[in-house]
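**Q** Since the structure of chain A is already known, use the hints to place chains B and C on it.
Each chain, written out:
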Amino acid sequence: MSSVEYLLASRSLAVTRGEVRLINELDFELAQGQLALVVGPNGSGKTSLLRVLAGLSAPALGQVTWRGVELHRLAPEQRSELGYRGHFDGLKKDFTVTENIEFYARLSGHQGRHDQLMSDLSLTEVKDRQVRFLSAGQRRRTGLATLKVGGTRLWLLDEPMTNLDADGRSLLAGWLEAHLHDGGVAVVATHQPDELLRSGTLMIEL
Amino acid sequence: MTGFIVILERDLKLAFRRVSELANPLLFFVIVTSLFPLALSPDRLLLQAVGAGVLWVAALLSSLLALEGLFRADVEDGSMEQLMLSPVPLSIIVLAKITAHWIVSGVPLIALVPVVALSFELPAQALWVMAAALLLATPTLSVLVSIGAALTVSLKSGGSIIGLLVLPLCSPLLIFGARATDLAAQGEAVAGPLYLLGALAVFSVSLGPLAAAAALKVGLE
Amino acid sequence: MKLPRWFHMLGSPPYVYRLAGRLGPWLGAAACLLLVLGTYMGLVVAPPDYLQGEVYRIIYIHPQTAYIGMMAYVILAFAAGIGFIWRLKLAHAVAVSAAPIGASFTFCALVTGSIWGAPTWGTFWEWGDPRIMFELILLFLFIGYMVLRAAFEDRDKADRVSAILGVVGVVNVPIIHYSVEWWNTLHQGPTITRLDGPSMTSDMLVPFLLMVAGFTFCFYWLLLMRLQAEVVAREQGARWLRELAAEGRA
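Residue numbers (this note's numbering), protein chains in the order written: chain A, 1 to 206; chain B, 1 to 221; chain C, 1 to 250.
Same shape as in the complex, but just chain A (with noise of 0.2 Å):
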């Protein structure tokens, strides 16, 4: 009997988009400091996936469970450490870059300063500057601060890689690390596991 905790987990998780069965029978379980990788080709409902895990969306069958609550019986709290960033980064364009992490900080209830978080991911520079002004890689550099500053234990990431450079890569690449070393837990839709492959990945092939 294993004494780890598992943070996430499904079962016999069917999900569908509209009248279409896309996923059936999906049974997963992730530990702390565990990461999960979704591949497969376009349309095979990676997206749908990580909305049903985000609970975005109801499943057709079956029942997904953080930390052994399902997650519509979560508790406020409990709900606000799952983070969910799909192809969209949930940024306000007419907003500095300071102005939406302030925002997502004061949502989840974690006010403060975040020089030390813009400075580590680069954002310095820009952190008065419209995100309608920032780069791809800004953006994507922006959202993980949102991710972060909410006190997200889960991470839901819809390809996170889209659009951004080797250097862009390798940062979130690096954050993602150090956030599954913090004891977070995470799933991740891509369409290049590689690169961000690490010992005790689960692969979930759609």
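Simulated from the structure, these hints should not be mistaken for lab results.
Note that beta-carbon positions come from the ideal geometry of N, C-alpha and C, so glycine has one too.
No false leads were mixed into what you were given.
Label pairs and their computed distance ranges (CB to CB):
#, chain 1, residue 1, chain 2, residue 2, range
1, B, P89, A, S199, 36 to 44 Å
2, A, Q63, C, I85, 17 to 25 Å
3, C, A229, A, E77, 46 to 54 Å
27 Å max Cα-Cα, derived DSS-like pairs, lysine-lysine:
#, chain 1, residue 1, chain 2, residue 2
4, C, K157, B, K156
5, C, K89, C, K157
6, A, K93, B, K217
7, A, K127, A, K93
8, A, K93, B, K156
9, B, K217, C, K157
10, C, K89, B, K217
11, B, K217, B, K156
12, B, K13, A, K93
13, B, K13, B, K217
14, B, K156, C, K89
15, B, K13, A, K127
**A** Positioned in the frame of chain A, the structure of chains B and C alone reads:
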């Protein structure tokens, strides 16, 4: 409660980043109102008789225009998903957005309508009643249009049917508001319709956001 | 919550299909009987009205269609609400079936109301009549529901989103009704609301009630037929349906 304030502040801040866009519904209101004398006749007695109604219909349409995109920007950049995932209940988020919108669009409209009403030669006591009635009716109006916006949030051509969905539901507002204005112009008591508008405001503001939140959840699945 | 067995059976499409098929003809027959009887008594037996002459006879159709239209909307909202809360596809099917029937009855109410009012109003439409205005708004509510449904490709989403509209609508209906009545009290116009009709003697009341019952049965008969069609549409490819079709051919 803090969640409400956070979102309210955010939306207000964002609105003021695009100040020029705030004027559009107000301009629309003025243009629509001016079309009536052109279409009907500039006869002063006629305009005085139809003035209240024309203004209310124009205000209704202008609010429809202003609010139909309430959720669109957030849905398009992924912010709505993030808001839905936050610990703040979705109905509170909706209420905060509606409130921000009302402050930025509704209040200027309430101030503008009596000014335009002067051009229809409505008597002074009617102007006050009209402003009061609008103050009470615009919250309900905002809630109803936001429900329409939430119902159509995932539709590409949602904007074209939102009027069909929402305008029939707005008829009581029109009836109570425009008729109250007319009654005031005739010097009669208007407490009744104003109380009714107030009651509708309380009712819709407390329950409407729940319907809008439910519609958003389903629409964005 | 433990629900009785028949409630669960109502969630089974083949059961509902067969039930509708069995009940339907009886309802249809009852409707026919009552409507024919009521029409005969209303047109031939009942005397002409003291004030309104022969025109008043619309009272045997107009109020009934208006009442059924209203009832249809309540049924729609109720069914859609149940479907939304308990995720019952068949409840949504009932709502979807009720919509066009309710809209048609409401449309008939508008037409018969116009016909009735024309002699007094002098025109086929009187904006000043509160009942007509209310029925017009109700018609728009039906149309809104149907248009919203049609805008969604995903049937499940269409069901649930329009259910919300239905519930919001039904909550508004009493408010709209009250506001239109109040609006009418402000009128100083010479139009007496014709649609009140004469106070009824017993030989007018009997056909009136017969027509109420007849139209009610007619509504439910149409609803069940429409429901059968809706069930078939939703269950495309299901085994029970294929077996049924095979049976029918044998």
